[in-house]
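Participant: The numbers in the working numbering rise by one with no breaks, and the one at position 157 of the sequence shown is 157.
Note that these hints are calculated values from the structure, not bench results.
Quick caveat, the model's predicted, so the values are computed rather than measured.
One or more of the hints may lead you astray.
[To be verified] Here are the simulated DSSO-like pairs of lysine-lysine, each with C-alpha atoms no more than 27 angstroms apart in a straight line:
1. K235 to K70
2. K59 to K85
3. K222 to K59
4. K194 to K80
5. K276 to K258
6. K129 to K222
7. K140 to K129
8. K35 to K21
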Amino acid sequence: MPSLQLKNVSVVYNEESSFSKTALDNVDIDFPEGKIIGIIGRTGSGKSTLASLLNGLMKPSSGQILLDGKDIWEEPKNIKSVRFKVGLSFQYPEYQLFGETVREDIAFGPKNMGLSIDEVNSRVENAAKFCGIEPSVMNKSPFELSGGQKRRVAIAGIVAMEPSVLVLDEPASGLDPVGREEILGGIVKNSAEKGNTTIIISHSMEDIAKYSDYILVLNEGKVFSFGTVEETFSKAERLFSAGLDLPQITKLFIELEKRGICKENSVYTIEYAYRKLLKILEK
Numbered sequence: 001m002p003s004l005q006l007k008n009v010s011v012v013y014n015e016e017s018s019f020s021k022t023a024l025d026n027v028d029i030d031f032p033e034g035k036i037i038g039i040i041g042r043t044g045s046g047k048s049t050l051a052s053l054l055n056g057l058m059k060p061s062s063g064q065i066l067l068d069g070k071d072i073w074e075e076p077k078n079i080k081s082v083r084f085k086v087g088l089s090f091q092y093p094e095y096q097l098f099g100e101t102v103r104e105d106i107a108f109g110p111k112n113m114g115l116s117i118d119e120v121n122s123r124v125e126n127a128a129k130f131c132g133i134e135p136s137v138m139n140k141s142p143f144e145l146s147g148g149q150k151r152r153v154a155i156a157g158i159v160a161m162e163p164s165v166l167v168l169d170e171p172a173s174g175l176d177p178v179g180r181e182e183i184l185g186g187i188v189k190n191s192a193e194k195g196n197t198t199i200i201i202s203h204s205m206e207d208i209a210k211y212s213d214y215i216l217v218l219n220e221g222k223v224f225s226f227g228t229v230e231e232t233f234s235k236a237e238r239l240f241s242a243g244l245d246l247p248q249i250t251k252l253f254i255e256l257e258k259r260g261i262c263k264e265n266s267v268y269t270i271e272y273a274y275r276k277l278l279k280i281l282e283k
C-alpha cells in the first residue's frame, strides 16, 4: 500500500499580493498505512485545502507530498496517475458530477484508467452496490437526484477507481442515519478488507469517534494534535481551546461521573455507551 506523507507543507493563497492568506502552515504528517484517519478542525482550519493537496489538485507553496516515498510533483506530467491512486470525494458532490447519467458518471474514472469495458462495467456495478445506489437510478441524470443520492454517486465514482488511498470530505453530509451507516460502515469494511488508507474529513465528532483509528486536529492551518481516538478526546480542554467539541455521548458520561453514577468517562461511541449503561443498570 502507498505511504502518504506531508513534509513541511505550506499553502499560501494570493502569495504575491497584500491579501495573502496562509491556509496550511508547515504541516508535517505521516498517515498510517491501512488505517482510517479522521480530520477535524473548525471552519477555515485548512481541512479542504489539505484534501485538495493529497491527490494533486493543488500544488503546495512549499514542502513535499510523498506517495510511496516519491514527491508527487517531482514529475508534474504524471500527476494524473496520482489521482488514480489517491481518490478524492469533494465536500459538495455537485463539483464532481457531470455525466449525462449516473452510470456514465461512475464509469468516468475507470474509463480514464484505460480498463477494458468488462472491467469498467464490473467496477461500476460494484461501486453502485457498495454505495447503496438503486438500479432504478443508474440511467437517470445525477442532477435529478436528491442531495444524499448525489453524494452516493460522487463517492461511487471514486470507489470505482479502487484507489489505494481514499480521501472523503464530509462523506455523510445530507444522509439520514441509515445512509450514514451504509456509507461510513462500508468504508470501514472496505478499508479492513483491502488494507486501504482512508482519510475522512467531518464536522461530526460522533462519526469521527466511531469510524476512525486516528484523529488529526487542524487549527489555523497547523497540526494541533495527532493521535488515537482516546488520546484525542481524552484531552477535552485542549480540544475546546481549538474551538472544537466532544462527542455528545462523551459529555454525558463526564456528567455521570461528576454525579457519582459512573466511574468512567472515556466513552466515545454509542455502542460502547450502551454496554456501559447496561452494566450500570444491572447493579
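Participant: Provide an ascending list of the numbers of those earlier hints which the structure does not satisfy.
Facilitator: 1, 6, 8
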